[in-house]
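Generate coordinates for the entire structure from the input sequences, incorporating the hints supplied.
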Amino acid sequence: MAVIEVEGLVKTYDDRNVVDGVSFEVEQGEIFGIVGPNGAGKTTIVESIEGLRDPDGGSIRVLGLQPITDRLELTQRVGAQLQESRLQDKVRVGEVLDTYSSFYRHPADWRALMERFGLEGRERARYGSLSGGQKQRLAAILALVGSPEVAILDELTTGLDPAARRSTWETIEAIQDSGVTVVLVTHFMDEAERLCDRIMVIVDGRAVTTGTPSELIGKAGFEHTLRFYPSEPVPDEFLTSLSDVTGIRRNGRQVSVSGTGDVVYSVILALAQRQIVAHDLQIEQASLEDAYLALTDGDVD
Amino acid sequence: MLAKLTRMEARLFLREPISLFFGLIFPALFLYGLANLFPGFMDPATELGGARFVDVYAPVAIAFGTAMLGLSALPPTMATYRQFGILRRLRTTPLHPARLLGAQMIVQGSVAVVSAAAVVIVAAVAFDVPFPQSPLWFLLSFLLTAVSMFATGLLIGSVARTTQAAISIGMAAFFPMLFFAGLWIPRAIMSDTLQTISDFTPLGAGTEAMSNAWFGTAPTAMQLAVLIVYSVVIGVITVRVFRWE
Chain A
683 MAVIEVEGLV KTYDDRNVVD GVSFEVEQGE IFGIVGPNGA GKTTIVESIE
733 GLRDPDGGSI RVLGLQPITD RLELTQRVGA QLQESRLQDK VRVGEVLDTY
783 SSFYRHPADW RALMERFGLE GRERARYGSL SGGQKQRLAA ILALVGSPEV
833 AILDELTTGL DPAARRSTWE TIEAIQDSGV TVVLVTHFMD EAERLCDRIM
883 VIVDGRAVTT GTPSELIGKA GFEHTLRFYP SEPVPDEFLT SLSDVTGIRR
933 NGRQVSVSGT GDVVYSVILA LAQRQIVAHD LQIEQASLED AYLALTDGDV
983 D
Chain B
168 MLAKLTRMEA RLFLREPISL FFGLIFPALF LYGLANLFPG FMDPATELGG
218 ARFVDVYAPV AIAFGTAMLG LSALPPTMAT YRQFGILRRL RTTPLHPARL
268 LGAQMIVQGS VAVVSAAAVV IVAAVAFDVP FPQSPLWFLL SFLLTAVSMF
318 ATGLLIGSVA RTTQAAISIG MAAFFPMLFF AGLWIPRAIM SDTLQTISDF
368 TPLGAGTEAM SNAWFGTAPT AMQLAVLIVY SVVIGVITVR VFRWE
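These protein sequence lines map, in sequence, to chains A and B.
My numbering numbers the first residue of the first sequence as 683 and each following residue consecutively.
My numbering numbers the first residue of the second sequence as 168 and each following residue consecutively.
Just so you know, these hints were derived from the structure itself, not from any lab.
Model, not experiment: these values are computed from the prediction.
Yeah, the Cβ is synthetic: ideal placement off N, Cα and C, and Gly gets one too.
Some hints could be false.
Claimed, not checked - Computed cross-link-like contacts, DSSO-like style, restricted to lysine-lysine with a CA-CA straight-line distance of at most 30 Å: (1) A:Lys817 to B:Lys171; (2) B:Lys171 to A:Lys772; (3) A:Lys817 to A:Lys772.
What the hints assert, rightly or not - Listed below are several chain A residues computed to face chain B (Cβ distance under 10 Å; list not exhaustive): (4) Pro719; (5) Gly733; (6) Arg753; (7) Thr757; (8) Gln758; (9) Gln763; (10) Ser767; (11) Val778; (12) Thr781; (13) Phe785; (14) Arg808; (15) Ala825; (16) Phe904.
Claimed, not checked - Not close to chain A: a few residues of chain B, all C-beta gaps over 12 Å, as computed: (17) Leu179; (18) Phe193; (19) Phe205; (20) Phe220; (21) Thr247; (22) Ala284; (23) Ile288; (24) Phe294; (25) Val326; (26) Ala332; (27) Pro343; (28) Ser358; (29) Gln362; (30) Val406; (31) Val408.
What follows is the structure, encoded as structure tokens:
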């Protein structure tokens with residue numbers, strides 16, 4: 683079931699289409715990534731979903747609601763973390779969370795959220811005294827404090843050190859596990875690859891492609907290679923008949939299977955069905971970053 | 168939820184020692200200081216038509232307090248809230264960000280009331296200035312004066328893009344307004360031209376209206392009209408130019 687349906691979204695500033703006919707759907711419970719170069723229109727898209735921008739064309743439905751006209755109901759059910767938004771330096775963490783949670787019909791337990799995001803014991807800390815990572819985590823908590831069905835996170839991990847990014851990733855996965863649909867804007871491909879079920883690539887206000895990380899790698903023409911020693915001989919025809927397989931090489935007993943898209947999955951599944959064990963399995967994959975660079979440079983057919 | 172928001176804004180205000188000092192305590196301190204430092208402040212003065220300087224300066228001190236809050240504290244607070252994205256952030260919650268401005272008005276309005284009460288009490292206790300003789304007229308004049316200053320502050324906070332710009336524009340309004348309120352030279356000593364200009368400024372009209380009510384005469388229709396028309400016009404412009412981000 684789609685919780686977000688965007689159809690032909692257009693947003694114009696100064697006669698320039700910042701968003702130029704973008705359509706996509708976000709399914710219930712998934713982490714949907716929006717990636718693209720700076721200025722591609724990612725933030726404008728999510729801010730249109732949040733009801734902060736009034737689109738110049740197209741339609742948006744979020745949980746069946748129209749963001750501008752159903753704003754009040756929408757804000758009850760959609761939590762947002764905004765890029766470049768901060769709080770007053772002298773406000774205490776506990777005060778903000780207590781106040782913001784009072785805006786909602788079904789507020790979450792903000793103390794439990796603080797614990798989940800590693801901010802326990804910081805209730806009396808002033809916002810200005812928090813580290814960059816703690817501020818970002820507080821922003822994430824504020825997005826979740828109304829127990830939303832959809833959380834929209836815009837560059838949540840920008841400016842975090844590697845350790846803080848990793849722990850934030852775990853938290854985003856925990857958010858998904860609790861049944862919340864997540865829309866994640868990021869320009870870190872490792873992050874998108876690790877977290878997102880599906881990714882939309884935006885370039886110059888248009889959706890270049892949408893798919894799972896491995897589909898995007900496949901669409902960019904990058905191949906994956908599996909190397910293994912089969913426990914029993916495997917005929918070439920068996921492997922080439924599998925979907926997404928493009929080539930086979932043998933080196934003694936070692937078999938190398940190359941392919942695109944979901945080749946890894948289809949080979950392993952086929953071997954398992956035949957009860958063949960792939961010893962010493964090595965998988966070489968192009969990363970999403972390789973694919974992203976190829977896709978955003980327009981090198982793709 | 169408005170109660171919690173207002174409490175949070177009140178706490179934030181109390182954590183700003185400068186606005187707290189200038190908005191809350193300074194007007195009374197100012198009157199106290201003047202009366203103690205200047206010889207003859209307590210004696211009837213012929214140039215004031217027999218009134219004492221302290222009688223004339225008591226309403227000026229109250230006007231000073233409202234201008235301090237409206238023109239000096241409010242604009243940078245609003246500009247900061249916009250610059251930080253706090254207003255934008257609130258638009259993604261069920262609370263309309265106008266409530267934040269409402270909470271600010273409640274907090275700053277309360278401070279203005281306490282600050283004015285402090286002036287009235289200090290004037291009465293230390294300098295034998297009677298309590299306002301027409302209390303209802305006095306209250307109305309004070310409220311209209313405060314509203315005119317807060318409206319001006321909201322307008323400045325609406326057009327200023329940065330906190331720094333809000334402070335500068337606020338100060339540019341602050342000093343001329345206070346001049347016409349009679350802070351540097353009492354209105355009674357001003358030339359006719361200056362007095363006429365003063366009559367048409369909100370702080371000039373407001374100070375005169377409070378002064379009249381303090382000593383038992385009703386404010387003139389002209390004074391009340393200046394305050395009301397000014398606040399309405401500024402309010403309409405503010406609504407037109409206001410931006411959440």
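Comparing the hints with the structure gives:
no., hint, result
1, A:Lys817 to B:Lys171, "holds, 22 Å"
2, B:Lys171 to A:Lys772, "holds, 16 Å"
3, A:Lys817 to A:Lys772, "holds, 13 Å"
4, Pro719, "violated, 23 Å"
5, Gly733, "holds, 7 Å"
6, Arg753, "holds, 8 Å"
7, Thr757, "holds, 5 Å"
8, Gln758, "holds, 5 Å"
9, Gln763, "holds, 9 Å"
10, Ser767, "holds, 3 Å"
11, Val778, "holds, 7 Å"
12, Thr781, "holds, 5 Å"
13, Phe785, "holds, 4 Å"
14, Arg808, "holds, 9 Å"
15, Ala825, "holds, 8 Å"
16, Phe904, "violated, 38 Å"
17, Leu179, "violated, 6 Å"
18, Phe193, "holds, 21 Å"
19, Phe205, "holds, 38 Å"
20, Phe220, "holds, 39 Å"
21, Thr247, "violated, 8 Å"
22, Ala284, "holds, 26 Å"
23, Ile288, "holds, 30 Å"
24, Phe294, "holds, 37 Å"
25, Val326, "holds, 21 Å"
26, Ala332, "holds, 19 Å"
27, Pro343, "holds, 30 Å"
28, Ser358, "holds, 45 Å"
29, Gln362, "holds, 42 Å"
30, Val406, "holds, 18 Å"
31, Val408, "holds, 18 Å"
Checked against the numbered hints above, the structure violates hints 4, 16, 17 and 21; every other hint is satisfied.
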